[in-house]
Amino acid sequence: MKQDKAISVVLLLVALSAISGLALITVFIFKEGLPIILRVGGREFFLSSDWEPSAGHFGIFFMIVGSLAVTAGAMVIGTIFGLGVAIVLTQFCPAGLAAVLKPAIELLAGIPSVVYGFVGVVTLVPLIRTYLGGPGLSVLASSIVLGIMVLPTVTSISTDALQAVPRPYWEGSIALGATQWQTTHMVMLKAARSGIVTAAILGMGRAIGETMAVIMVAGNPRQIPHSILDPVRTLTSNIALEMAYASGDHRQALFATGVTLFVIIMLLNTVALVVSRRHAPRRGAR
Amino acid sequence: MKPSPAALQRLVVVALWTLTATTIGVLLFIIAYILAHGLPHLTWGFLTQSPEYMGRKGGVFPMIVGTLMVAGLAVLIAAPIGVATAIYLTEYTREGKRTAVIRFGADCLAGIPSIIFGLFGFVFFAITLGLGLSVLSGALTLTLMVLPTIVRTSEEALRAVPSAYREVSYGLGSTRWQMVTNVVLRSALPGICTGVVLSLGRSISETAAVMLTAGSALRLPHSLFDSSRTLALHFYILSREGISMPNAYATASVLIIAILGLNLLAYWLMRRFVAKVK
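Chain order of the listed sequences is D and X.
Each residue of the first sequence is one higher than the one before, counting from 1 in my numbering.
Each residue of the second sequence is one higher than the one before, counting from 1 in my numbering.
Hints listed in this document are in silico derivations from the structure and should not be mistaken for laboratory results.
Take these hints with a grain of salt, some might be off.
What the hints assert, rightly or not - In silico contact screen, one side only, chain D against chain X (beta carbon under 10 Å); selected entries: (1) L12; (2) A18; (3) F81; (4) G82; (5) G117; (6) W170; (7) E210; (8) P231; (9) A272.
Said to hold, decoys possible - Covered, in the sense of this in silico footprint (three residues per stretch, anywhere, with C-beta under 8 Å from a C-beta of chain D), are these stretches of chain X: (10) 236-242; (11) 247-261.
We treat Cβ as the ideally placed atom computed from N, Cα and C, and that holds for glycine.
Full structure from sequences and hints, please.
Listed below in structure tokens is the structure:
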């Protein structure tokens, strides 16, 4: 019994490492980034679009706009395709085929983001430049690449949500004479709503946090994009592009960019957690 | 005119399958595109030689070693921690405040972008702990990054083990620890390995976090404290700075083949696991 107790305590201590890691990350990111926001002033830092580190100007407004723009575009593509695939996998697909499609979608999640960015640059960007105009490196290109990248997240969480809907719901609806699609969109999607919303929010977090692929297809100018064909710089690409040579205030300002990103992500995560806890069946219940 | 339910159903089915086919098409296109351009340049020499002229000539041997060291070490550290966390959550406690806190930590960690992990690893492991831009800093950063995946997949695997196994083990007089190690872990092992293998894939693919923590040195790392450039970062630098497209494609092919292999391995393990618990 004594041994059992000891093991339990050791396991608990190890189990706390994730939350400790989270705490450390929070403390260190804020410790490095917050001072310069306070020094420059929140108004100047968040609402000015003048980013000229060598002159001491640190305004990230255009990058916040940039991140939100590419994320919005990515969500349109990611949720339409991601949810579509999830519906096919759970409602319209023979089990044998689903057993092949599912790992294929997982593989899509495993492809390195640099590869996505690269293939985007060599195939998608020239297409946009030729047929739609602009430099090609653009909000549109970033949105498409990010949309494909968040698709597996949206698909896998929505698939779980749709599969968690009790079978009698489906049977009842079909027995009442509804078609498969009527059943899907009136019964299944409604019952799985919170899971699907969670999927979209977590996908959004993925999109806003993605770095390497965006750097490669976004163009990264220091200005607000005015159309979807304009190039754009995001919060993440700003950090990754400039961190290599930044020092002093400049480096702190990059950490402050990280703080901004961190806060946005944590808000999204919290909303996702609240939504998924409110309606979802208990973990493990099927 | 509103279409009849049956007509609408046909329309929707066509639309949904088009979305799915497009998705799979994109996946196949990316893989085929990289391999078609990269495989011709992927020679034995490329895998075993060191790069010359910043990667314009020569191979990627130091990057392969660096990638294996960083990603391997990250998973080696994260796996025991993640599995222990999952064991605690499933076998040693009831749902309550404690599990809520542990889950909250893992869920939040899973949502943090890799560039934030990179910033943290840089200031904490590399600077505060004095490890510098090194294999160790990169590995420890990735450890935190893949930990939530390992916790979640291990927990699912442990929960899938039928409770009758546990009852029988208790009935035969074993302690809880004996029950966990001899019975539950053994049945859940393929499922746990699936998560570990997928995490290894994710560590190999990661670029932003390792760029800020492991550095980009071109030479072969001789210890955990040496800086090392991973394959993914090498590919990024080669293609972005236009150093050598053939070598960039070949490097990407190595990455794609590794990821394909790991995903197949994970898939095979998962099937074994499902067959075992059923």
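Outcome of the hint check:
1. Contact between L12(D) and chain X, as hinted, is supported at the beta carbon level, the nearest pair being about 6 Å apart and thus within 10 Å.
2. Taking 10 Å as the C-beta cut-off, the interface hint given for A18(D) holds, the closest approach to chain X being about 4 Å.
3. Proximity of F81(D) to chain X holds as hinted, the smallest CB-CB distance being about 5 Å (cut-off 10 Å).
4. Of the supplied interface hints, the one on G82(D) holds, with its beta-carbon coming within about 9 Å of a beta-carbon of chain X, less than 10 Å.
5. Interface hint status for G117(D): upheld, as the beta-carbon distance to the closest one in chain X is roughly 8 Å, under 10 Å.
6. Interface hint status for W170(D): violated, as the beta-carbon distance to the closest one in chain X is roughly 15 Å, over 10 Å.
7. With its C-beta approaching chain X no nearer than about 7 Å, E210(D) sits inside the 10 Å limit, and its interface hint holds.
8. The interface hint given for P231(D) is violated, since its Cβ lies 15 Å from the closest Cβ of chain X, which is over the 10 Å cut-off.
9. Hint status for A272(D) relative to chain X: holds, with the closest Cβ pair at about 8 Å, below 10 Å.
10. Using a Cβ-Cβ cut-off of 8 Å, 3 residues of the segment 236-242 of chain X lie near chain D, which meets the minimum of three, so the contact claim holds.
11. Look at the segment 247-261 of chain X against chain D: 6 of its residues bring a Cβ nearer than 8 Å to a Cβ of that chain, three or more, so the hint holds.
Consistency with the previously given hints fails for numbers 6 and 8, ordered from lowest to highest.
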